[in-house]
Structures are given as structure tokens and as C-alpha cells.
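Colleague: Following the hints, complete the assembly by docking chain B onto the known chain A.
Protein chains in written order, with numbering that gives the first Met the number 0: chain A, 0 to 305; chain B, 0 to 790.
Calculated from the structure, these hints are not laboratory results.
Only pairs whose alpha carbons sit at most 27 Å apart, straight line, appear in this in silico DSS-like list of lysine-lysine: (1) Lys-166/A with Lys-29/B; (2) Lys-29/B with Lys-256/A; (3) Lys-29/B with Lys-248/A; (4) Lys-248/A with Lys-44/B; (5) Lys-29/B with Lys-162/A; (6) Lys-166/A with Lys-44/B.
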Amino acid sequence: MAELAERDPRSYLDPKVLDSIKKLELRARLVVEGFVSGMHESPYRGFSVEFAQHREYVPGDDIRFVDWKVYAKSDRIYIKEFEEETNVKAHLFVDQSESMAYGEERSKFDYAATCAASLAFLIQQQSDAVSLTLFDEAITSQLVPSNSRAQLGSILHRLEEAKPTGKTKIAAILHEMANRITKRGVVIVFSDLFDDVDAILAGIRHLRHRGHDVLVFHVLDHDEVEFPFERMTMFEGLESMPELLADPKSLRDAYLKEIQAFEQQMRRGCLAMRVDYQRIVTRQHLDIVLTTYLAKRAAMSKGKRR
Amino acid sequence: MSFLHAGLLGLAALFTVPLIIHIINRRRYKRVQWAAMEYLLRAYKQNRRRLRLESLLLLLLRCAIPVILAFAIARPRLTQGTLVDPLQRQGTHHVFVIDRSYSMGYRLATAERPFDRMKQALVPMLDQIGQRGSEKVTVIYAGERASVPVSADLDTSKAQKALARLEEPSDGTSTLADAIQEAKRVIAAEPDPARVYVFSDFHRIALSSGRAEEPAIVDSATQAPSVAPVSDAAGTANPPTSNGSGDAEALGFERMRDLCQDLVDGGTKVFFFPVTPRGVVSNTQVTSLDMEPENAVARVPVRVHAEIVHRGPQPREVLARLRVDGSNDQVRRIRLDTGESGEVSFVVRFLEPGMHSVEIEIGEDGLPLDDRRVLVATVRDRIRVLFVEGRETAEQDDILQESFLMRSVLDPTRGAGGDEVTLFETSFVDEDRFQSDPSFVRDQDVIALFDVSAPRADVAGRLASFVARGGGLLIAPGAHSLPDLWNLRSFGTAGQDGVLPLRLLTMTGPATMLGVDSGGRYSTTRIAASDHPVFTDFENPELRSILEHTPVYRFWQTDSERPPEGTEILAELVGGDAQGRPALIASRTLGRGQCLLLTSNLSFRPDRWNRLDDTDLLRFPLTHSLFHWLARQTAIAANRSVGQSLVAWVEDKPANLYVTRPADRGRVPLPLPTGPANGNEANGWQTPPFNGTAYAGLYRVGVEFEDKTKPAREILFAVNPDPAEGVLDYVGTEALLREFPGIDVRSDLELDLGTATESTMSELGRYFMVLALLVVLGESVLAGFLGTRRQ
Numbered sequence: 000m001a002e003l004a005e006r007d008p009r010s011y012l013d014p015k016v017l018d019s020i021k022k023l024e025l026r027a028r029l030v031v032e033g034f035v036s037g038m039h040e041s042p043y044r045g046f047s048v049e050f051a052q053h054r055e056y057v058p059g060d061d062i063r064f065v066d067w068k069v070y071a072k073s074d075r076i077y078i079k080e081f082e083e084e085t086n087v088k089a090h091l092f093v094d095q096s097e098s099m100a101y102g103e104e105r106s107k108f109d110y111a112a113t114c115a116a117s118l119a120f121l122i123q124q125q126s127d128a129v130s131l132t133l134f135d136e137a138i139t140s141q142l143v144p145s146n147s148r149a150q151l152g153s154i155l156h157r158l159e160e161a162k163p164t165g166k167t168k169i170a171a172i173l174h175e176m177a178n179r180i181t182k183r184g185v186v187i188v189f190s191d192l193f194d195d196v197d198a199i200l201a202g203i204r205h206l207r208h209r210g211h212d213v214l215v216f217h218v219l220d221h222d223e224v225e226f227p228f229e230r231m232t233m234f235e236g237l238e239s240m241p242e243l244l245a246d247p248k249s250l251r252d253a254y255l256k257e258i259q260a261f262e263q264q265m266r267r268g269c270l271a272m273r274v275d276y277q278r279i280v281t282r283q284h285l286d287i288v289l290t291t292y293l294a295k296r297a298a299m300s301k302g303k304r305r
Numbered sequence: 000m001s002f003l004h005a006g007l008l009g010l011a012a013l014f015t016v017p018l019i020i021h022i023i024n025r026r027r028y029k030r031v032q033w034a035a036m037e038y039l040l041r042a043y044k045q046n047r048r049r050l051r052l053e054s055l056l057l058l059l060l061r062c063a064i065p066v067i068l069a070f071a072i073a074r075p076r077l078t079q080g081t082l083v084d085p086l087q088r089q090g091t092h093h094v095f096v097i098d099r100s101y102s103m104g105y106r107l108a109t110a111e112r113p114f115d116r117m118k119q120a121l122v123p124m125l126d127q128i129g130q131r132g133s134e135k136v137t138v139i140y141a142g143e144r145a146s147v148p149v150s151a152d153l154d155t156s157k158a159q160k161a162l163a164r165l166e167e168p169s170d171g172t173s174t175l176a177d178a179i180q181e182a183k184r185v186i187a188a189e190p191d192p193a194r195v196y197v198f199s200d201f202h203r204i205a206l207s208s209g210r211a212e213e214p215a216i217v218d219s220a221t222q223a224p225s226v227a228p229v230s231d232a233a234g235t236a237n238p239p240t241s242n243g244s245g246d247a248e249a250l251g252f253e254r255m256r257d258l259c260q261d262l263v264d265g266g267t268k269v270f271f272f273p274v275t276p277r278g279v280v281s282n283t284q285v286t287s288l289d290m291e292p293e294n295a296v297a298r299v300p301v302r303v304h305a306e307i308v309h310r311g312p313q314p315r316e317v318l319a320r321l322r323v324d325g326s327n328d329q330v331r332r333i334r335l336d337t338g339e340s341g342e343v344s345f346v347v348r349f350l351e352p353g354m355h356s357v358e359i360e361i362g363e364d365g366l367p368l369d370d371r372r373v374l375v376a377t378v379r380d381r382i383r384v385l386f387v388e389g390r391e392t393a394e395q396d397d398i399l400q401e402s403f404l405m406r407s408v409l410d411p412t413r414g415a416g417g418d419e420v421t422l423f424e425t426s427f428v429d430e431d432r433f434q435s436d437p438s439f440v441r442d443q444d445v446i447a448l449f450d451v452s453a454p455r456a457d458v459a460g461r462l463a464s465f466v467a468r469g470g471g472l473l474i475a476p477g478a479h480s481l482p483d484l485w486n487l488r489s490f491g492t493a494g495q496d497g498v499l500p501l502r503l504l505t506m507t508g509p510a511t512m513l514g515v516d517s518g519g520r521y522s523t524t525r526i527a528a529s530d531h532p533v534f535t536d537f538e539n540p541e542l543r544s545i546l547e548h549t550p551v552y553r554f555w556q557t558d559s560e561r562p563p564e565g566t567e568i569l570a571e572l573v574g575g576d577a578q579g580r581p582a583l584i585a586s587r588t589l590g591r592g593q594c595l596l597l598t599s600n601l602s603f604r605p606d607r608w609n610r611l612d613d614t615d616l617l618r619f620p621l622t623h624s625l626f627h628w629l630a631r632q633t634a635i636a637a638n639r640s641v642g643q644s645l646v647a648w649v650e651d652k653p654a655n656l657y658v659t660r661p662a663d664r665g666r667v668p669l670p671l672p673t674g675p676a677n678g679n680e681a682n683g684w685q686t687p688p689f690n691g692t693a694y695a696g697l698y699r700v701g702v703e704f705e706d707k708t709k710p711a712r713e714i715l716f717a718v719n720p721d722p723a724e725g726v727l728d729y730v731g732t733e734a735l736l737r738e739f740p741g742i743d744v745r746s747d748l749e750l751d752l753g754t755a756t757e758s759t760m761s762e763l764g765r766y767f768m769v770l771a772l773l774v775v776l777g778e779s780v781l782a783g784f785l786g787t788r789r790q
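Same shape as in the complex, but just chain A:
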């Protein structure tokens, strides 16, 4: 398991990663609410910069938005509507249960924290607000959304202080957060999702129901994906799970089948709810993972807009 010793909070910001992602942007794939005009699509039609459509004038409309040119041509009064661009509130949910502590060179929590920090940096760069929620079986730490410059430092500090312990109850956390966050935003979950799959999907559904754009980063260790053990091994369960002495070679096939089924179930559940599901393995380079993902997401967002 990775050593979670005291470290410089800035170490979560890998210059190489940041350099590779800074030219990208995290756009809300869905429309989000906001006050400051920005890059994210707003659910409100108003009088902003981007023309949206014409509609017939009804009494009470502000005459400043009457399109006189159309009136001159057609003798009918139409009101010009513009799309409003808002800034987004991004909520980072990072799992700090004990299972996230697993990892030979780098723990899953470490990896998830780095990933979350990088995205927080990116979001801040976009002048969007970002919040952080750390949880295990309950919310252990939370920062309210802010786009201030100090917010990134706070996030990094909280991440640095966090120790992965305790059991996981992701579903309950998701439900709770869905109830708490009233305005639509982008919810980004970092977890190994080792909990009841159906309950997790129910929690995500709840968030979606609230109009959130949900991104799930399914963080797994290389060992959990490949199960490369050879010798007789005593597997000691984390989070109060029992231990098992077994010949790993004899169980490998069956385990991989189980873990793949679990992953498939999560992926399909997310797909059905239009939730971005991204499995990341801690041995993968984070810059490549994020770059690939953000580029793909940006491409999908543009496609949708056209």
C-alpha cells in the first residue's frame, strides 16, 4: 500500500499533467446554472450574447429586445432571444475509504487525489467554481464551491490531510449530496466503487435526477485488474472483510470474470443514465488519462452543440 505520509500539497499538481491539460477545458456536457457568463451552456434563455431564436411578442416583454428589422420587413413583432452562458459549479467527490488505500507503488486514493487536484486546477483556470467532498461511510470533509484563487489551495490541503480509512457507503453519500446540492452542476466522483453496484447506480440516478452532469472516475489498481499473484497468498480483506488463503493461479480466471462483470455492470448503468464512466488504472499515466478523456469529452460536447 502506498505510503500516505506527510507531503507537500502541491505534489498533487504534477506540472507535466497540468501542462498537458491546461490547453483543454472541462466543459459541462449538460447545461448548468450560473451567474457569471462563461463557457457553459445555461438552462436559461435570456439576453446575452449568443442569439438563440425569435418568438412572437407578448405583452410584458421588454421592448428592448424587439427585432425591429423583422418588424420592418414583416410588420410583425418578434422578440430576439439569446442563450445565456453561465459559469459552472463543479463538485469533486473523492472516496477515502480504506479500500482506496490499496496500491503497491501508488495508492488508489493518491491517484484519485491527484486526478481531482488536476481537474480542480483546470476548473479554476476556467473561472468556474469547484467544491471538494471527501467521504468514506460518511462525508469526512467538505469545501463549498468557490472560484476564488484560494480554493485550489484549500482543496489541495484537504486532500493532503485525508487518510483513507473506514468503510465505504458511496450510495448513501451520493443520495445525501444529491439532496444537498440544489443547483445543477458537474459532479465528478473518484472511487473504486467497491460497494453495492445497484445502490451506487441508484445514487448516481438521484444526482442525474437533480440535473447534475455526473462523471465517474472508477479508480482501480493494476493488481485488481490483472490479479498477477503466483504464490500461495493470504488475502486480508480491507474494510472488515474476511481473509482468504488461496492459490491465486487457481482463482485468477474466476476473479477476473467477477471483476469484469462488476465493471461492465457499472459501465452499462452509467451509460444508460448518460453518465460519463471512465475506468482508470493507477499504473496508467495520469496526463494521458486526463488528456484523452477531456479531449474525448470536448469532442462529444461540440458534436452535440452542432
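Modeller: Leaving out everything else, chain B in the frame of chain A:
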């Protein structure tokens, strides 16, 4: 089940090695804190049963490999009828077959004898076995009879002592097949895996001869229907000739090969150790010693013939010395070339009746035993012949009596005797007196019945008993004989004691000589058994021609086409009234005696039936031959071969019996008979068989009678070696290898018992080895399959 190497079964404990490795592997594991435990547990629960089964199967296979391998190298053997006994003592059973035949004593110049080489080779082998412990030893002597002095004994010192006592080879032959048969029996009685070591010079006779038949005397003695008092002689038969050739040889060879093959097939390793003399062998031997005539009579000279054979690379001049009763030396010289046989003859006259020893000796060579030979001559005062004349002719003049001619031929003095020496002592009685007085049968050598109407039933039985115990009987039916009564009371068929060789049918031919002469119809004789002793004098072709062309007018037609078993037709009639070649002379063997049927009698009667009496050229040799041959059976030859039993007959109840063996080998007491022969004191007493004739020479059965008035006497027996053993014809190593496949032939006389043991593999050992290989293969396949799947 038994094991060749029971100790190696301990290797089966190696089955614990895979178990220990398994346990150690389960204890030597690394610890991993595992997050995805839920999925790992789910995978484990779903596959737990299969995984356990696979692991268990693999573990069992791995544990089974050392167990099966241990069984394979311990070489288990299933013994028929034997259940598995884990406490049973296991070890190799060593069976030594030792050839004791006298050819083993052959000494080539100054070289060691095969017998000595064998003993020298045996000593270290027995020492080795003794050091190994828990191994059984059997010693079998291959001699005239196979004997087992040491049988499956764990104490090898007994075998060593038996070997030490075995100072010299016996004077007999050996039958290796009998010894191997005995070895097979001993091996079958023991559960241990066995090894057979055969030490022999592999004389062809030893390999080829089978079990010799028991001498007739022993059979007749044990069955005892024909026992009778014999005045001075012991009942013996002629020594059997074992020339070891022809079908018997081939048959014996096959038997030896089959027996060895049976042993090999049963998992027994068989070794041949040839101790054949090295170099050019040479042997001169006396192969036979006979007396002519066999019916020696006191004061009448007889001729003694000895045959000498020289088998050597160089010609040799042999000096033959004959002794009668230990003295009266006669010497003959004979020069023999390589492989040549020659005969030397001596004329001997026994002055006194009784038993006399005749011994011939030539100069000793490498095999001294067959350089001498001994003969016991039973000399009678005369041959006693009783002539019985039929009642119809008994009252007539002598010359008209049917028996007159033959009486005259046998005893020209007609009972007057005097200084004239005659071989035969004749007596005469008519039919009625003979049939009414049983005492006439006693003290006769030959009884001749002429024109007897028919024997009474009791007389027929008495005659059969007389012949069976060695008497001779001549039957010459005449014109007054009643064929139906003869056939009813005396016709012998197979298994019956009848003395009549053939069934009488009808009298054939003209009634008077006048009719014969005028009619000119007659039959002639054809000799059917020209080599029969009766026709010895008719080997001359001219004499034979005269006999065969002499007319025969009248004769008794007999049922000659299907003679019963034991009957031989010696001469038959052809032409004239002879239909279907009826017999003129027929013989029948009954017990130890012989009967002769003469269907056309020789007589001087005017109405004689034939002209066989016409000249002395015919009547003298024919009559003498007939009666000599009949009397020979009563002149018992007490001449035996080494290994044969000695049985003596005495007329009075013995009080003490003993056997004095030759060459100062001491005296052996004999048990007394439990009763008279056939339960009747009139039959005399039969001594128990003495089987210890292991040495050649003169044996004396001493008898002291219960009736102290009767003087003690000694009955002589001559026991001679089988001359075939002196041929020194050895089966070489190459021939042994060729003729006995599967046998390990060791000419070096050295054997590492450990190597021999290891080179033998029982049937089950092979199966276990195959099973072990299959299990190893199965384990590899299973482990490979599981490994591939787990990859």
C-alpha cells in the same frame, strides 16, 4: 502376495513427501491486504468444490507415485491360494540342484573333477546367502532318484553340512528333469520368490532321460499276487538298458525344457552352471557282462561275454581280468581303436550249484567306475522239467506218448543220469495224477502239458500262479484236448491270468498219416519273430529254410488274427489248410513267467502231425531252445542297476535281515517282513525293498532264519552302473543356450547373488512399474492442464 525385496517397501513412506510439500506450501504464503475481497470471495465460493477436488486428485496422484514405485521395485508376487500376509517373512528362496551322477567324477589328467569344481563354486555362494540372512536354501540331489536333503531352510549351515557330507558322486546316473520337477514342487510350497541353480556336467543322458520305470520286481512284490518261494535266489529283473537314444531322449529333453520354462514363466530365475571337463575326454568302459546260456548248471561250462568300448583319441590295448567268486583269474587282451567296441569271452565252469559272482575288470582310467562290472550267476544242479501226458496216451508205450520225443531230447538217459552230465532233469506224470496232486507243481522250473484234455479249474489257477511267479509252461494240445474247456479255464485275455496264449478253435488236418501222404496237402512254417531267443539257433539261413519248409499236416486252428495283450506269435502256418495264418508257436507273458503254445506237437507217433521231428537238425535245437527259454524265467538274474531296489525271497520265516554293501561300506539292517507273501506261508517270505543301492558292486542280503536248524545264507545281487553315463557326451554351453531359452547359462561358475536378484523381475513388478509410469503421466497431464488453465 509375497515380495522379492520386502525391505524396499519402506520406500512407500516417501508418499509423505508430496504431503509435506503441500503442507509447507500452505504454510509459506505471503500476505496481501486486498480491497476487492468481495469479488475474490465470490470467485472462491463458486469454485471451491472444483478447486478442492483438483488439488486432492493431484495430491493423491503425487502420493501414489512413490507407493507404486516402491511396490514395483519390491517385486510383488501373487502365490496361488495365499492371501496377503503383511507379517510374512520375505526373502529369496535359493534352490541348488546338484548333479551326483558318476560322470561328475571324471578326472581329465590332473585336472579337478567336475564334482570338485562344483563343490568349490557352491561354498562361497552358500556363504553369501548366509550373510544376507532371511533367505531360504533348498538342496536337491539329482541322482537315480531326486532327493531333497535340505528343504527351504533358513539355516544355510545345514546346506553347508550336506555339501560337506557329499564326499563323492554317486555311482548312478542322474535325471535332471526329475530334480527340476522336485524343485518346482518345493518352490510351489513356499511363498518366496525363488532362484534355481543347476550344477551339472550337462551330460546328454542327464538332460535327456526321463523318470525311469520302477523295476518289475518291485511292482510284483508290492502287488504280491505272484510271490512264491524261491529256493536260493532273490527276485529281480534284468537290469534295464538305458541307452538314452531315440524317442526317449527327445521326450526327456522336452520334459526338461518344459519344466525349466514353467519355472521361468512362474517368475523363477534359473541358472545353469556347466562344470563340463575341459579338454579331450577319453574313457574305456565295460558296457555289458553276460553269461551264455543264462541257465547255468553246475559242472557244465558256460561262456561269459564282456563288451568293452573305448572312447578316446588314441587306440588302446585293454587287459581284461575275470574273477569268479573273487578268484580264478582269467585274462584276455584286446586292442581297441578310437570309438571301437570289442568283446572278450571267457569259459567258466561252476562246480557247485548256488549263487556265484563273476567280475570283470579293466585298467582304471579317468572314470574308474565303469572299468569293472559284476554279474551274479544262479547255478542250478539241473533244470527241472515235468512232462504231463494226457490220459488217452499215458498208458501207451513210451514211444507212442506225445511227450516222448521231447523227453528224449532233453534227457537222453531218460532219468538214468549217472556220470553223464545233462542240463535237464525230467520227470513224467499222467494227466489224472497231475491234476489231483498239487505238489507236482512245486519245485519245477518248467511244466509241459501234452494232449491234456483240459485243466480242472483249480489246476488252471495253480498253473497261472506257477507261471506268474516265474515258471515256464509249454502247452501242446493233442487229439484228445477239449478246446472249449481249455478256452474257458485257461484262455488269457488282457487283465486275466489265463496261461493259454490263443483261443483254440478246431483241430485241422487229416486224421491219419496215410491220408496225409496220399493227399499231399500240408502247411509250412513262417517264422514271425526271427529275433526271438527261441529261434537263436535258426539264424543260420539253411537251418531256417529247413524249418520253414518242413510239412505240417495237422494243427490246432487258433484265433490268431486278434491275439490278446501279452501274447506274441513266434511262428505261423501258411498254405494247405492253414486259413488266416494260424499260429504254430505263440508265447504269452504272465507275471515273471512265460507260456508257450505249440499247436502241432513234435512226436514219434506213427500218426504224427508234422515232420519237425524228422532230423536231429530240427528237433534238438528247437526243443532245447523252447525249454531253455521257458526255464530262463525261473533262473532269476540278480543283476540290477544302481538305484534299483533289491528284494529277496526266502522259503522260511526270517529272524534277521541285513544288507552288506560293497567296498566295505558296511552293513545295513533290513526290517523284517510283516508276514508271508500273499498271506500264505507256502509262498515264502519277501524281504522289504532295499533302496540304498547308490554304489555299484556286489550286495549281499544276509538272512538268518527263525528255525535255527536252517543255516543262515547270503543272497547275492550285482549292482552295476549305467554304461550310458560313461559315454561322456556333454551338451555344450552354446547348445544349452539354444535349447533352453530363458535360462541363464553361467560358465564362469561365479554368481553375484545380488545382481541375480535384481535382474529378476516378477510379473506384478512389471505391472506396478507400468502403473507407476501411467500415474506419473496422469499427474503430468493433470498438472499441465490445470497450469494451462490457470495461466
